[in-house]
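Student: This is what each chain is made of:
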Amino acid sequence: MIGLGLPRGFLITLKNFVRPPVTEQYPDRHVGLLGAAKEAGMNPVHFLFKRPGDSIKAIAGLATVPVAVTQSSRFRGNEFTFYEDRCTACASCAKYCPLGIIEIASVPGQIDAQEGESYKLEVFDIDIGRCMFCGLCVEACPYDALHMGTDFERSKYVRDELVITKEELFAAPKRPSAFYRPQFEEKRFDPFQETIDDYHNAGRHERPSDEELKRKWVDER
Amino acid sequence: MAVKTQPVTVNLGPQHPSTHGVFRMRVMFDGEEIVDVEPVFGYLHRGSEKLAEERTYTQIVTLTDRMDYVSSMLNNQAYILAVEKLAGIEPSPRGVWLRMIAGELQRIASHLVATGFLLQDLGALGTPLIYSMRERENILDLFEMLCGARITNSYLRPGGVFMDAPGEFWPALDRGLDDIVRSIDDLETYLSGNEIVFSRTKGTAVLPQELLINASITGPMLRASGVDWDLRHRAPYDYYDRISFERKLHTASDNYARYWVRVQEARESVNIIRQCIDQIEPGPVRPSFDDVPRLIRPPSGDAYAAIEGSKGELGFYLVSDGGIAPYRMHVRSSSLINLTLLRDMLIGGQFGDLFVTFGSVDLNMGEVDR
Amino acid sequence: MMEVSSLTTFAFWLASAMTLGLAVVVVTQKDVFRAAIALAGSFLGVGILYFILSAEFVGVVQILVYVGAISVLMAFAVMFIQDIASGSRPSQGRVIGATAAALIFAALAFTAYNTEWSSIDDITDPVAVAAMTEGYVEVGTGDYALISGEAPTDSNEVVSENRGVLVDSTSALGVMLIREYMLAFEIIGLLLVAALIGGLLLMRNPPSSSKTEKGDASA
Amino acid sequence: MPEAFLDNSLWRNIYCVLAGDSSTCAARDYSSGFFPAGMEWLAFLVSAAIIIFLIVNAVLGGVIVLIWGERRLFGRFQSRTGPNRWGPFGTLTSVADAVKTMFKEDLVPAEADKILFNLAPVLIAAPALTVFAIIPWGVGTYVADLNIGVLFIMAITSLTTLSVLTAAWSSANRIAILSALRSVALLISYEIPMALALVGVIMLAGSMSLGDIIAAQGIPFIIVQPLAFFVFFIAAMAEMARAPFDLTEAESELAAGYLNDYASMKFGLFFLAEFMAEISTAAIVTTLFLSGWKGFDPIPSHFWFGAKLIFVLFVIIWFRMTLPRLRVDQVLKFAWKGLFELTMINIIVTAVLLAILPNPSTSELWIMAAINWPVAIISIWGVSKLLGTAPYSHPQPDPNAPSYPVGSESIPTDAVLGAEPSNAANQAPQAQQEGGN
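Read top to bottom, the protein sequences are chains A, B, C and D.
Just so you know, we're using the working numbering here: the first sequence kicks off at 1 and counts up by one.
Just so you know, we're using the working numbering here: the second sequence kicks off at 1 and counts up by one.
Just so you know, we're using the working numbering here: the third sequence kicks off at 1 and counts up by one.
Just so you know, we're using the working numbering here: the fourth sequence kicks off at 1 and counts up by one.
If you are wondering where the hints come from, they were derived from the structure by calculation, not from laboratory data.
Do not take every clue at face value.
[Said to hold, decoys possible] If you want the ones that stay clear, here's a sample from chain C, every Cβ over 12 Å from chain D, calculated:
| no. | residue |
| --- | --- |
| 1 | 33 |
| 2 | 49 |
| 3 | 63 |
| 4 | 64 |
| 5 | 72 |
| 6 | 75 |
| 7 | 103 |
| 8 | 113 |
| 9 | 177 |
| 10 | 184 |
| 11 | 194 |
| 12 | 201 |
[As the list claims (entries may be wrong)] Computed from the model, here is a short list of chain B residues facing chain D with C-beta under 10 Å:
| no. | residue |
| --- | --- |
| 13 | 123 |
| 14 | 125 |
| 15 | 126 |
| 16 | 190 |
| 17 | 354 |
For each residue, glycine too, the CB sits at the ideal point set by N, CA and C.
So here's chain A without its partners, still in its complex pose (with noise of 0.2 Å):
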């Protein structure tokens, strides 16, 4: 059909053209009266009247809200999460990693060897840096210790601050991804929305009632 082809290319743009964009604006989405009202959580007239101030704001294409990005709990951030009194410091994660950058120092527990020995992390920094989110160490991490995190904003100026350490890794928020952890997902655990604070509650088991560890660990013996 010679001849036609143009045209018809121009409604396919001109389509495109009356559909809402598809881009998703980061870090905050501009909205216009009605967004800024549904944001407020009011309708869109009282919102008129009781903030006029914002309304003006909002009609001008001033206003924004923040963006809530949504991402699949599989997501592989960075910001590892890491769940020390889960890591046995064995140093799977470190031996799988395909660019060995993740540093490991341990000494022997203080505990006492009948009730479990255990080593103590001394060290343990992960150089963001030069990560590739491939998810290996997560994937080798023997006890559910270390998981992926979701975060994604962890741009600096300076290469050395890529280097998260122990303390970092343990003060921050507690959102594993549920890259190869299934349980996550059995648990339908949102990293976006949720936190795993306590650690018994990251592995790959329920943490077991403290009748069923009394019968298994006192009343067997």
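Fit chains B, C and D to the known structure of chain A by using the hints.
Tutor: Okay, now just chains B, C and D, sitting in the frame of chain A:
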């Protein structure tokens, strides 16, 4: 009597908007006609093959992601097939179906990128590029659901994939496939009948079949010349022998034929994925660690496995000396081999067609230089 | 009124200075491309002079043809010359060229000196007077060309008084070309067609080199 | 001399406020002026300066708005949002861009011809601004209504070529020179159909003055002269070097063509000139084909002109967003073999119609339109048929073809379809465009 002119040599790249990465060409022009082309590459060389000799078999998966970074899933697939062949691993069926779905999605994404950039090179100021990138984003969203990453997936492991697809993946995939079909329809309405695209691409950079076969060109470039050569059909790997699909061929072997074959193949991939969804069976997605440990030590020997990648035959050749890392890895990257006919395609053509032809090869400099 | 027309005089001197100054640059400049650009500027000055003389049609054609086309072609041709910046070697026929230029200049100066120049204020030519009063001019027997157009309803006198005979020269020129100088017009047209065909023949590739046909076959 | 301008309300209002004592102004109820009597020449100069200031700034402001609007529209055409961060709806984005451009380092290549390199931006910006002198923005709002207005536009726009050549040559860059060669070929080729397309309009209006052409448009000439509009619009797009004719800048081929070596405000001037050309083209299209400032009465004429202008700009942007670029030889072929013929058809048809219906009234214009539209559609169809390419077939593989193990043999003969690819285009046309379903 004719006016004598003097050819001019112009250096294009490595920093040029249309070189699909960092590629350099020393081009000799006579007016608008190309007299000579000298491709210079290696600006993106990262030594992946050498790096692989220092990595375990699982770790190398992350390197393959970065070779052809617009079709990492297919790279993973080719590499994993080679590892499985080398170590004699029997993959889990569900893992295989999942990696076929992922691979076909990646093929669609890659073809969309190729088409979009070809039209960008045609000078369509980004509109078709953004339309195809918009659809690619949906596919990348699916990848994020599967494996948590959009581009450098590292989804596959020897014997299958590392994790089963989440529950919300399947309805999203259904919706996504419908969207893809609709968007390909749009793209075809927009451009396949467009007279400017016709006149720019038809009859330019025609390559004869014999030359293509002799230069061991594969993929859409070869099929655009009428050679029915698709490894999914000719040498089925994974479960492609249980899938029936049409091979899309064109005989013109020009830029338009290459564009057409890609668009049709993307459409056909949707069919393949639908068949995979119908046939997928429950079960583990990878063998247990007793069968396939994390540290694979394949017996001494070598193996070559190839798949029909988005750009042609993508093969991995692995040599093992019995250790935890391959003794040698070689990649048969279709981008590099398809590039070998660049001179034949360009010389005698117009300068305006240079980057269109270049784009119609569908190169990825990450794969060319590795 | 006097002062405003002295502005016109000022503009005249400016345009003349531009024309002559750039013409000097054309002759003295070693770099041929710069000379071509200066020549375009000189042509532009001439165009402005035509505007000042109210010959707007001629002025615009001067810009369109000389600046927009001929200068561009000159600059274009200059690009094919090797070693532009060092300039061309002194030509053999310098004396002849200088003599010819001097003769042409003398002829022009003589003509200019002997012409009776009249200003708009004291026009005696009956055609011009008719044009000023009637709004049209007789060009050839029985044919009239509209000159001043429709005057605004509120200021009839002002407009017909100030749009002189030279204002709308376009239609008069057209009628003249078609009626009185028809033969010359046609001959010039024929000449241009011949030149066009000659140019095409020059640029045509010899039939033996069929390689370049490849690009042609595509579209 | 100034009296010639006094039927122009823009001049009259400014000039007569400054020099109200002169007799001509007094006749129009301007009793006293700012300057004493005898200083009319100063009043003339000052009013000229004021008008130039107004027009230049209005145009530059328009360019700023256009750049923002164009980017917003691009965004919408591409399913994006467009700039929306800086100021309300991103309106300050182009201001920020302008500030950034001015503060950038001004680089001059070592090999460049410094004088011409610095001259070229001026050479391109000046003609782009000059065109605005004759555009009637509304009733009585123009700097000058030249009676050769249409020719003036042609002459001034032809100067762009020279500036592009200068820019390319002086920056001593081969890619820039390639771009300049294309530019010259393009501009010279498209000036001819552009001028010839206007002949139909000039014949209908009987004048080359833009004011007279607007007056002659009982109905907009786009209805009476569809063919002329078609050719003029395309040729004007080419003169602007806008997509699909952006061969000179062709970012995917020549990076930025002749602009490659320009930085800072010199680049900014080229950029401004490009957008000024866009506005002036839209204004000229509005004037010549959309009856300029004419409209219904209660709404002022300036509004009508602006609305039509914005509509034309939208169409230009729409074109730019939709169409891929043509190749040089195709562009030239299109001008000489396509548009040239169309203009010739248009001139002949219009001449015949005018011989039958001299000095057409509005109803006679409708009759002309009724004849011109079928002629336009048939001739455009015919030309596209002449220039178009034929579709060709896509043979499909045999679905029952056997599989072959890799490496066991060479490519089987049955895998090879269509023996001679060069003959493929000549095979029986059509068949399975959709792929044998």
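Student: All hints are to be evaluated individually against the structure, with a verdict given for each.
Tutor: Structure-based check of each hint:
1. 33: violated (6 Å)
2. 49: Correct as stated: the minimum Cβ-Cβ distance to chain D is 15 Å, above 12 Å.
3. 63: It is violated; residue 63 of chain C is separated from chain D by about 4 Å at its closest Cβ, not greater than 12 Å.
4. 64: The claim breaks: residue 64 of chain C does not keep its Cβ more than 12 Å from every Cβ of chain D (closest is about 4 Å).
5. 72: Contrary to the label, residue 72 of chain C does not stay out of reach of chain D, its closest Cβ about 5 Å off (not over 12 Å).
6. 75: Contrary to the label, residue 75 of chain C does not stay out of reach of chain D, its closest Cβ about 5 Å off (not over 12 Å).
7. 103: holds (31 Å)
8. 113: holds (27 Å)
9. 177: holds (15 Å)
10. 184: holds (22 Å)
11. 194: Holds, since 18 Å exceeds 12 Å.
12. 201: holds (16 Å)
13. 123: holds (3 Å)
14. 125: holds (6 Å)
15. 126: Hint holds; residue 126 of chain B Cβ to chain D Cβ min 6 Å, cut 10 Å.
16. 190: holds (8 Å)
17. 354: Because about 7 Å separates residue 354 of chain B from the closest Cβ in chain D, which is inside the 10 Å limit, the hint holds.
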